[in-house]
Amino acid sequence: MSDLTTTIAGLRMTTPVVLASGAVGYGHEYEGLIDFAAVGAIVTKTITPAPRPGNAPPRICETAGGMLNSIGLENVGLAAFLESELPRAAGLGAPVVASVAGETDEGFGELTAAVGERDEVAAVELNISCPNVERRATPLWADATRVADIVVAARARTGKPILVKLSPNVTDAVPVALAAESAGADALVVANTMPGMRIDTERMAPALGNTTGGLSGAALLPINLALVWKVAGAVSIPIVGSGGVRAVDDALEYLLAGAVAVQVGTALFTEPDTPRRIADGLRRRMKEEGVADVAEYVGRAREYAT
Amino acid sequence: MHVACSPELTLRRPFSVAGVPSAGEIEILFEVRGPGTASLARRDGGDIVSVMGPLGNAFTADPSRLPVLVAGGIGAAGLRLLAQSIADGGEDAVVLVGARDAGRLLDGPFPGTSDGGSIRILTATDDGSAGFAGTVCGLLEATLDATGREVRLFACGPDAMIREVARIAGERDVPCEVSLEERMACGVGACRGCVVPTVDGYRTVCADGPVFDAARLVFEEEPGV
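Respectively, the protein sequence lines represent chains A and B.
Mind the numbering: the first sequence is residues 1 to 306 in the working numbering, read in order.
Mind the numbering: the second sequence is residues 1001 to 1225 in the working numbering, read in order.
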């Protein structure tokens, strides 16, 4: 009764509530604050081959219904991740999904191989969609051919599930989603943050040190939910919804749209107990409705697709 | 302490613990600056507010040196507990409290000599309406010139004041700890949102701080200078 177990291409999770990369660091920072028994998986901070200092501060800024961040992929680098952060993340009690970002296709491939061979890593998330470090005219996340090349390179280097985190900042997410799917991705995370900015009127300067940042939080939910809706109608691999999930109904909306799980990020800043509240809320709702398996909600609203 | 000031706001707001009146009870002292503090100011006694903490580190004492506390504006909130613990220990300290004008001076919350310790409070106002006429940093230099004792500085206040206190401390080779403020998201060192540049690279105010050795901070060039 009330089974929340969710499996994504062999990644077995006790709940469909996943901690989003970036918000949760390497997981252990939140020990004692997040109830990891309610967490389906922890997606660790995106790792690059070498340590990155990140962008100049200020790096965060609140905005109505959410926040902006321009952290700039600050991370300890692959070696320190494998040496100290990963073992600590793995001790928290939820499966660890390692998020990686390479400079090149082969860079993604090498990172995937390095994290994928570790027993503590249950799956790999390819971060092709960080808005704070991209400098190309056509951003990586909007380039279906390059995304396919990256997924092929990663696929060749691990047998573990590969998730690809898409960007909402595209005219049409479907070609990129299809490219990732046909290149061998096991699941898609839909989606990352949306670029935005605020200006500090007192200093008369951009509020963020990097000028623009990624919008996250409640304001992002309708945007990314529409993307999930659209992408779910185009691909056959599982989708993890991400963007503005704060409460059980937000999570349920993503499931009803076709996602099999959700990621929670910004809501952890407001309330670290969010995963427990969502998991308990889902169980309560399932009990009330006599739903035995949470998967029964997945895509239920799609019968109204026009 | 990381305080959820309003259900309308995504981010909690960080506050120093200004006092511990009894076991299980804390005081925070704040100035209404934005929607978070405005919402907090509207709360009534008995309201329930979600609080995470205490987070981060604290000032470190050196009993061999005279503590000189430098508080600028609402920075007094970050130093009050330290002053209280010095007073409770019966030790001496000098507290320098600065503000734009007499009406904004926050010397009131500090324990005075009447509370048993030997806490000397000196004030400075930019407009000269009370105490030393000038900035609290000007008062600090005058105080350091006058004292014959080895001093340890503790400072909390606006960025420009912190920068100046750090400069004075460096010039005179006086150990100095500063408590910093930054916009903060997670509060636990996970998101890397509240970093400040130090000689060791970026460090988080929430988990590595809020207290830093002033000599290890890296200050950017002042705009227009």
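The hints are simulated quantities; they were obtained by calculation from the structure and are not laboratory data.
Quick reminder that beta carbons are idealized off the backbone N, C-alpha and C, glycines included.
Treat the hints with care, since some could be wrong.
As the list claims (entries may be wrong) - Here are the in silico distance ranges between beta carbons for each label pair:
{"hint": "1", "chain 1": "A", "residue 1": "Thr-212", "chain 2": "B", "residue 2": "Ala-1215", "range": "30 to 38 Å"}
{"hint": "2", "chain 1": "A", "residue 1": "Ala-205", "chain 2": "B", "residue 2": "Ala-1102", "range": "41 to 49 Å"}
{"hint": "3", "chain 1": "B", "residue 1": "Ala-1146", "chain 2": "A", "residue 2": "Gly-93", "range": "54 to 62 Å"}
{"hint": "4", "chain 1": "A", "residue 1": "Ala-301", "chain 2": "B", "residue 2": "Ser-1022", "range": "27 to 35 Å"}
{"hint": "5", "chain 1": "A", "residue 1": "Ser-84", "chain 2": "B", "residue 2": "Val-1032", "range": "28 to 36 Å"}
{"hint": "6", "chain 1": "A", "residue 1": "Thr-212", "chain 2": "B", "residue 2": "Asp-1044", "range": "53 to 61 Å"}
Stated by the list, open to error - Far from chain A, by Cβ distances over 12 Å, these chain B residues were calculated:
{"hint": "7", "residue": "Ala-1004"}
{"hint": "8", "residue": "Glu-1008"}
{"hint": "9", "residue": "Arg-1012"}
{"hint": "10", "residue": "Phe-1030"}
{"hint": "11", "residue": "Val-1032"}
{"hint": "12", "residue": "Gly-1034"}
{"hint": "13", "residue": "Thr-1060"}
{"hint": "14", "residue": "Asp-1088"}
{"hint": "15", "residue": "Leu-1122"}
{"hint": "16", "residue": "Ala-1133"}
{"hint": "17", "residue": "Gly-1134"}
{"hint": "18", "residue": "Val-1205"}
Said to hold, decoys possible - Far from chain A, by Cβ distances over 12 Å, these chain B residues were calculated:
{"hint": "19", "residue": "Gly-1045"}
{"hint": "20", "residue": "Glu-1182"}
{"hint": "21", "residue": "Glu-1220"}
Verification of the supplied hints:
The hint said 30 to 38 Å for the Cβ distance between A:Thr-212 and B:Ala-1215, and at roughly 34 Å that hint holds. Against the hinted window of 41 to 49 Å, the Cβ-Cβ separation of A:Ala-205 and B:Ala-1102 comes to about 32 Å, which falls outside the hint. Between B:Ala-1146 and A:Gly-93 the beta carbons are some 59 Å apart, a value that agrees with the proposed interval 54 to 62 Å. For the pair A:Ala-301 and B:Ser-1022, the supplied restraint of 27 to 35 Å is violated, since their beta-carbon distance comes to about 53 Å.
A hinted range of 28 to 36 Å for the beta carbons of A:Ser-84 and B:Val-1032 is inconsistent with their spacing of about 42 Å. Our hint of 53 to 61 Å for A:Thr-212 and B:Asp-1044 is violated, since their Cβ atoms are close to 40 Å apart. A Cβ of chain A approaches the Cβ of B:Ala-1004 within 12 Å, the least distance being about 7 Å, so the stated non-interface status is violated. With 12 Å as the threshold on Cβ separation, the claim that B:Glu-1008 sits away from chain A is violated: the shortest Cβ distance comes to roughly 9 Å.
Its closest Cβ contact with chain A, about 7 Å, brings B:Arg-1012 to no more than 12 Å, contrary to its assignment away from the interface. Non-interface call for B:Phe-1030 relative to chain A: holds, since the shortest CB-CB distance, roughly 17 Å, exceeds 12 Å. Distance check for B:Val-1032 against chain A: the nearest CB is about 15 Å away, which clears 12 Å, and the non-interface claim stands. Not every CB of chain A is more than 12 Å from the CB of B:Gly-1034 (nearest about 9 Å), against its label as outside the interface.
The claim that B:Thr-1060 lies off the interface holds: its Cβ sits roughly 23 Å from the closest Cβ of chain A, which is beyond the 12 Å cut-off. The Cβ of B:Asp-1088 lies farther than 12 Å from every Cβ of chain A, with a closest approach of about 29 Å, so its non-interface assignment holds. The Cβ of B:Leu-1122 lies farther than 12 Å from every Cβ of chain A, with a closest approach of about 30 Å, so its non-interface assignment holds. Distance check on B:Ala-1133: its Cβ is at least 26 Å (rounded) from any Cβ of chain A, clearing the 12 Å threshold; non-interface status holds.
Consistency note on B:Gly-1134: stated as away from chain A, and its beta-carbon is indeed over 12 Å from all of that chain's, at 24 Å minimum. With a closest Cβ-Cβ approach of about 10 Å to chain A, B:Val-1205 is found to fall inside the 12 Å limit, against its non-interface label. The non-interface label for B:Gly-1045 is consistent with chain A: the shortest C-beta to C-beta separation is roughly 24 Å, beyond 12 Å. The Cβ of B:Glu-1182 sits about 7 Å from the closest Cβ of chain A, inside the 12 Å cut-off, so the non-interface label is violated.
With a least CB separation of 9 Å from chain A, B:Glu-1220 falls inside the 12 Å interface cut-off, contrary to its annotation.
When held up to the earlier numbered hints, the structure conflicts with 2, 4, 5, 6, 7, 8, 9, 12, 18, 20, 21 and fits the remainder.
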